[in-house]
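*Asks:* Produce the entire structure from the sequences given, and follow the hints as far as they go.
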Amino acid sequence: MASLALASAAAVVVGSRFSSRPAFCVRAASQESNKQACQKPDAGLLFSKLELHTKSMQHLGRAALIAAAAAALMFTDPALAFKGGGPYGQEVTRGLDLSGKDFSGKTLIKQDFKASNLRQTNFKGAKLLGASFFDANLTGSDLTDADLRGADLSLTNAAKANFTNANLEGALVTGNTSFKGAIITGADFTDVLFRDDQRNYLCSVADGVNSVTGNSTRDTLGC
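Residue 190 in our numbering sits at position 151 of the sequence shown, with consecutive numbering throughout.
These are computed hints drawn from the structure, not numbers from a lab.
Wrong hints could be hidden among the right ones.
Said to hold, decoys possible - Within a straight-line C-alpha distance of at most 27 Å, the following computed DSSO-like cross-link-like pairs (lysine-lysine) qualify:
| no. | residue 1 | residue 2 |
| --- | --- | --- |
| 1 | K163 | K153 |
| 2 | K219 | K199 |
| 3 | K153 | K199 |
*Replies:* Written as structure tokens, this is what we have:
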């Protein structure tokens, strides 16, 4: 926008310098009141006006860019807003009662849910890579199709949670993590280190194949 304005203004200056008479002088040369106006224009004055006009257009250009950026933020996919913490931040979801909340389909990469109450919370299809559920309560939560790769489930109460077709590759389950009553059909536990009692319990209820990785749940548990 500023470049176009500069080019237009420059054209006016060039035209003024090399034209013997301005256009309005041709129409009004006979009028005494316009004789002074028909004199050769001052080049310094024209360039001063050009500089002022250019600066004004540059300010308008910056304002337009700011407005465009603001509009882009307003219409950004809400799911992407959570990436890297998002509006919840690194601490805001920590130690809170978020039971029954709907986070389905959201991108919650590395989100901090430490010690939070997440009973019956909906995480269906959510991207939870590297998220922390340390000492959190996930009782009855829906984690169907969730991406939990590298998530921290240490000391988590995941009793009766639904992990159907979830990907938990490399997740941490140290401490007294509980999966009692959990649904793990098609869940992928590749590279997850369980205590023997945890593995034995999960193997007793494991079935299915993960539709994304193609891995059998029992195979990933080492049953």
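*Asks:* Now tell me if each hint is right for this structure.
*Replies:* Hint-by-hint comparison with the structure:
For the suggested pair K163 and K153, the alpha carbons sit about 19 Å apart, so the restraint of at most 27 Å is met. Between K219 and K199 the alpha-carbon distance is near 6 Å, which keeps this suggested pair within the 27 Å criterion. Of the supplied pair hints, the one linking K153 and K199 holds, its CA atoms being roughly 19 Å apart against a limit of 27 Å.
The structure agrees with every numbered hint stated previously.
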